[in-house]
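As you go down the protein sequences, you meet chains U and P in turn.
Once you know that position 70 of the first sequence is 70 in my numbering, the rest is easy, because the numbers rise by one and skip nothing.
Once you know that position 96 of the second sequence is 96 in my numbering, the rest is easy, because the numbers rise by one and skip nothing.
It is possible that part of the hints are untrue.
Below, in silico cross-link-like pairs of lysine-lysine (DSS-like), each with a Cα-Cα straight-line distance of 27 Å or less [to be verified]: (1) U:Lys42 <-> P:Lys71; (2) U:Lys57 <-> P:Lys58; (3) U:Lys42 <-> U:Lys78; (4) P:Lys61 <-> P:Lys49; (5) P:Lys49 <-> U:Lys42; (6) P:Lys71 <-> P:Lys58; (7) P:Lys71 <-> P:Lys61; (8) P:Lys58 <-> P:Lys69; (9) P:Lys49 <-> P:Lys69; (10) U:Lys42 <-> U:Lys83; (11) U:Lys78 <-> P:Lys49; (12) U:Lys42 <-> P:Lys58; (13) U:Lys57 <-> U:Lys83; (14) U:Lys57 <-> P:Lys49; (15) U:Lys57 <-> U:Lys78.
If you are wondering where the hints come from, they were derived from the structure by calculation, not from laboratory data.
Below, each chain spelled out in residue letters.
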Amino acid sequence: EPEVTQTPSHQVTQMGQEVILRCVPISNHLYFYWYRQILGQKVEFLVSFYNNEISEKSEIFDDQFSVERPDGSNFTLKIRSTKLEDSAMYFCASRGEVVEQYFGPGTRLTVT
Amino acid sequence: AQSVSQHNHHVILSEAASLELGCNYSYGGTVNLFWYVQYPGQHLQLLLKYFSGDPLVKGIKGFEAEFIKSKFSFNLRKPSVQWSDTAEYFCAVSYTGTASKLTFGTGTRLQVTL
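Start from the sequences, fold in the hints, and give me the full structure.
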């Protein structure tokens with residue numbers, strides 16, 4: 001069964017550094033999402049991406065964040081200058097024409 | 001703002017007990033409703049979904065949920081839980097016209113004891 005994959009599984013970085021989280025969505029999907037879950041809190045929407053542009057973003061998704069689909073398979077989330085409060089689990093999701101989203105295993109980002 | 005409430009944060013049940021987890025969402029028009037499960041160390045998996053039609057939906061592993069429009073609720077049920085159902089359960093909703101982003105509840109941690 002096709003699945004969403006994410007790399008790395010765990011990333012440790014220092015405050016102020018840039019990080020890029022990578023996702024490979026399911027191959028025939030058209031809509032892509034990033035969510036995050038701070039430890040002990042709920043899963044929060046960050047951004048949705050369709051037709052090579054952002055279709056919606058949350059208040060969390062400020063100028064420090066960007067997304068890109070650099071080729072036909074990858075979908076990346078970049079955080080330009082990480083803060084301690086960016087420490088969280090980041091989930092990528094994708095979907096096709098049906099509304100149901102499929103989630104990746106997540107990347108645990110630890111900012112020290 | 002769109003929101004989802006899950007009333008139970010931590011539920012402990014014995015094996016074979018019945019389960020009902022509450023979920024309410026704020027009004028926002030036409031909704032799609034989901035329950036996701038996250039087993040320890042694993043990623044979010046879809047348990048079941050409601051888009052339209054029969055308000056009683058059946059999912060995987062014997063779970064079902066009932067959509068009650070008048071109560072803005074989508075409660076999850078299972079007649080007899082197993083130890084392997086120990087996990088975190090998330091209710092989520094997407095509203096038509098929002099790029100189908102999911103708004104999640106805070107989650108319910110279910111612990112099933114032998």
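To see whether the hints hold, each was checked on the structure:
Between lysine 42 of chain U and lysine 71 of chain P the alpha-carbon distance is near 23 Å, which keeps this suggested pair within the 27 Å criterion. A hinted pair counts as satisfied when its Cα atoms are at most 27 Å apart, and lysine 57 of chain U with lysine 58 of chain P does not qualify at roughly 32 Å. Restraint check for lysine 42 of chain U and lysine 78 of chain U: the C-alpha separation of about 21 Å stays at or below 27 Å, so the hint holds. Under the criterion of a C-alpha separation no larger than 27 Å, the hint pairing lysine 61 of chain P with lysine 49 of chain P is consistent with the structure, at around 14 Å.
Between lysine 49 of chain P and lysine 42 of chain U the CA atoms are separated by roughly 19 Å; this keeps the pair inside 27 Å, and the hint holds. The straight-line distance between the Cα atoms of lysine 71 of chain P and lysine 58 of chain P is roughly 20 Å, inside the 27 Å bound, and the hint therefore holds. Proposed proximity of lysine 71 of chain P and lysine 61 of chain P is supported: the alpha carbons are some 26 Å apart, at most 27 Å. Between lysine 58 of chain P and lysine 69 of chain P the CA atoms are separated by roughly 17 Å; this keeps the pair inside 27 Å, and the hint holds.
Annotation: proposed proximity of lysine 49 of chain P to lysine 69 of chain P holds, straight-line Cα distance about 15 Å (limit 27 Å). The suggested pairing of lysine 42 of chain U with lysine 83 of chain U holds, with an alpha-carbon distance near 19 Å, which does not exceed 27 Å. As the CA atoms of lysine 78 of chain U and lysine 49 of chain P are separated by approximately 31 Å, the hinted pair breaks the 27 Å bound. For the proposed pair lysine 42 of chain U and lysine 58 of chain P, the alpha carbon gap of about 25 Å is at most 27 Å, so the pair holds.
For a cut-off of 27 Å, the pair hint linking lysine 57 of chain U to lysine 83 of chain U stands: about 19 Å separates their Cα positions. For the hint pairing lysine 57 of chain U with lysine 49 of chain P, the CA-to-CA distance comes to about 24 Å; that is within 27 Å, so the pair holds. For the hint linking lysine 57 of chain U to lysine 78 of chain U, the alpha-carbon distance of about 14 Å falls within 27 Å, and the restraint holds.
Of the numbered hints stated above, those contradicted by the structure are hints 2 and 11, listed in ascending order.
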